[in-house]
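Based on the hints, put chain Y with the ligands in the right spot on chain H.
Going down the list, the protein sequences come from chains H and Y. Under this note's numbering, the first residue of the first sequence carries the number 1, and numbering increases by one thereafter. Under this note's numbering, the first residue of the second sequence carries the number 1, and numbering increases by one thereafter.
One should not assume that every hint holds.
For lysine-lysine, the following DSBU-like pairs were computed, each having C-alpha atoms within a straight-line distance of at most 35 Å [what the hints assert, rightly or not]:
| id | chain 1 | residue 1 | chain 2 | residue 2 |
| --- | --- | --- | --- | --- |
| 1 | H | 14 | Y | 84 |
| 2 | H | 40 | Y | 86 |
| 3 | H | 14 | Y | 79 |
| 4 | H | 18 | Y | 79 |
| 5 | Y | 79 | H | 24 |
| 6 | Y | 86 | H | 24 |
| 7 | H | 10 | Y | 79 |
| 8 | H | 10 | Y | 86 |
| 9 | Y | 176 | H | 10 |
| 10 | Y | 86 | H | 61 |
| 11 | H | 72 | H | 40 |
| 12 | H | 61 | Y | 79 |
| 13 | H | 78 | Y | 79 |
| 14 | H | 97 | Y | 176 |
| 15 | H | 132 | H | 10 |
| 16 | H | 132 | Y | 86 |
| 17 | H | 72 | Y | 84 |
| 18 | Y | 86 | H | 14 |
| 19 | H | 18 | Y | 176 |
| 20 | H | 40 | H | 61 |
| 21 | H | 18 | H | 40 |
| 22 | H | 28 | Y | 79 |
| 23 | H | 61 | Y | 84 |
| 24 | Y | 86 | H | 97 |
| 25 | H | 72 | Y | 176 |
No wet-lab data here; the hints were simulated from the structure.
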Amino acid sequence: MANIAAQRIKREFKEVIKSEEVAKCAIKVELVNDSYTELKGEIAGPPDTPYEGGTFVLEIKVPETYPFNPPKVRFMTKIWHPNISSVTGAICLDILKDQWAAAMTLRTVLLSLQALLSAAEPDDPQDAVVAKQYRENLEMFQITARHWTNVYAGGPHVNSDCDDKIRRLVDMGIEEHQARAALSSYNWDLERATEQLFS
Amino acid sequence: MASSATETTKESSTSGSGSGDNSETKDEEKKDDSMFECNICLDTARDAVVSMCGHLFCWPCLHQWLETRPNRQVCPVCKAAISKEKVVPLYGRGSTKQEDPREKVPPRPAGQRTEPDPATAGFPGFGFGENGFHMSFGIGAFPFGFFTSTLNFGEPRPGAAPRGTQQHLEEQFLSKVFLWLAVLFIFWLLMA
Ligand SMILES: [Zn+2]
Ligand SMILES: [Zn+2]
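Just chain H, same shape as in the assembly (with noise of 0.2 Å):
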């Protein structure tokens, strides 16, 4: 069965390379090893989201029952989303749990985590800390979606409030990302985040 998880990556890698998608930059894959179990996946941030202008790295693993069973994928950047762990980069995507079909690849599975990002789904969360904040205040969301996007993955958006904040908690001795989670955690109140980290 390895064999068949072998020779249908081979052929869904071509089919993604010569696909509209990678033509356009929205998404892309590459090996990480010669036995193709390991891949390296990307996708670009949806536009008129908060993950515009940047690009998000995908760990993608095949299973040995591949396709039967589906790839198990986690983000590698760093993302503030309702339905991606802030903290491991884990993904609640029915597609990837219950929900999978064979007939499904790596060019869909890319597309749906797009998708993913443009519709984010609080009622189903994977982080609970951010999906509160999406359902409570989605514009305190949105402004930190865009900075988490603009610091781990490139986008456009440069906050100098938050860098601000953060800078005075790392002046306090906090490292930078601990700092900017706790921040984030709690809608950029830097007393109670610092509260929080001194606690």
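For chain Y with the ligands alone, kept in the frame of chain H given last:
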């Protein structure tokens, strides 16, 4: 986006007057190829079957998909409900055997149970086993195997040490010890 792309290729092929026909037929051949590809392995479908929703698969591929998710039997392409009974086998022209591909996948092999080997299973129970069954087995099997090897003086066993060496003497000694042990057991059996 997909539609706009095909439109542009059509335009270009009609504008290129003479060679237009040729490239179009080539395109069609390519399409035909992928039309008969299995939706699971993406290779040309072997032992092809079609689901009621019209999707083509190799029977072995579809069979494995159905086996992987026995509780959720859906078409791998469109997720319509499917079942083993409701797929149509495809027979191409000139195929000699018109057998149903669904019969070709070997039925699931029955579970195989091998009984534990009495010689090895018996030995651990041989000393102070709590298990009566094991104990009697060990005693029964052990001395007999032993007699056949020890009382077989006539023909030299392969690997037996040459007479007179230290190893030979040790072997002889061990044989005697075991012979005595065997006798003691038979005696003990008779008494018990
Ligand atoms: Zn197949
Ligand atoms: Zn179907």
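Right, here's what the structure says about each hint:
no.: 1; hint: H:14 to Y:84; result: holds (32 Å)
no.: 2; hint: H:40 to Y:86; result: violated (39 Å)
no.: 3; hint: H:14 to Y:79; result: holds (25 Å)
no.: 4; hint: H:18 to Y:79; result: holds (26 Å)
no.: 5; hint: Y:79 to H:24; result: holds (29 Å)
no.: 6; hint: Y:86 to H:24; result: violated (41 Å)
no.: 7; hint: H:10 to Y:79; result: holds (25 Å)
no.: 8; hint: H:10 to Y:86; result: holds (31 Å)
no.: 9; hint: Y:176 to H:10; result: violated (68 Å)
no.: 10; hint: Y:86 to H:61; result: holds (34 Å)
no.: 11; hint: H:72 to H:40; result: holds (12 Å)
no.: 12; hint: H:61 to Y:79; result: holds (24 Å)
no.: 13; hint: H:78 to Y:79; result: holds (33 Å)
no.: 14; hint: H:97 to Y:176; result: violated (68 Å)
no.: 15; hint: H:132 to H:10; result: violated (41 Å)
no.: 16; hint: H:132 to Y:86; result: violated (46 Å)
no.: 17; hint: H:72 to Y:84; result: holds (28 Å)
no.: 18; hint: Y:86 to H:14; result: holds (33 Å)
no.: 19; hint: H:18 to Y:176; result: violated (81 Å)
no.: 20; hint: H:40 to H:61; result: holds (9 Å)
no.: 21; hint: H:18 to H:40; result: holds (17 Å)
no.: 22; hint: H:28 to Y:79; result: holds (27 Å)
no.: 23; hint: H:61 to Y:84; result: holds (30 Å)
no.: 24; hint: Y:86 to H:97; result: holds (26 Å)
no.: 25; hint: H:72 to Y:176; result: violated (65 Å)
Violated hints for the displayed structure, listed by number in ascending order: 2, 6, 9, 14, 15, 16, 19, 25.
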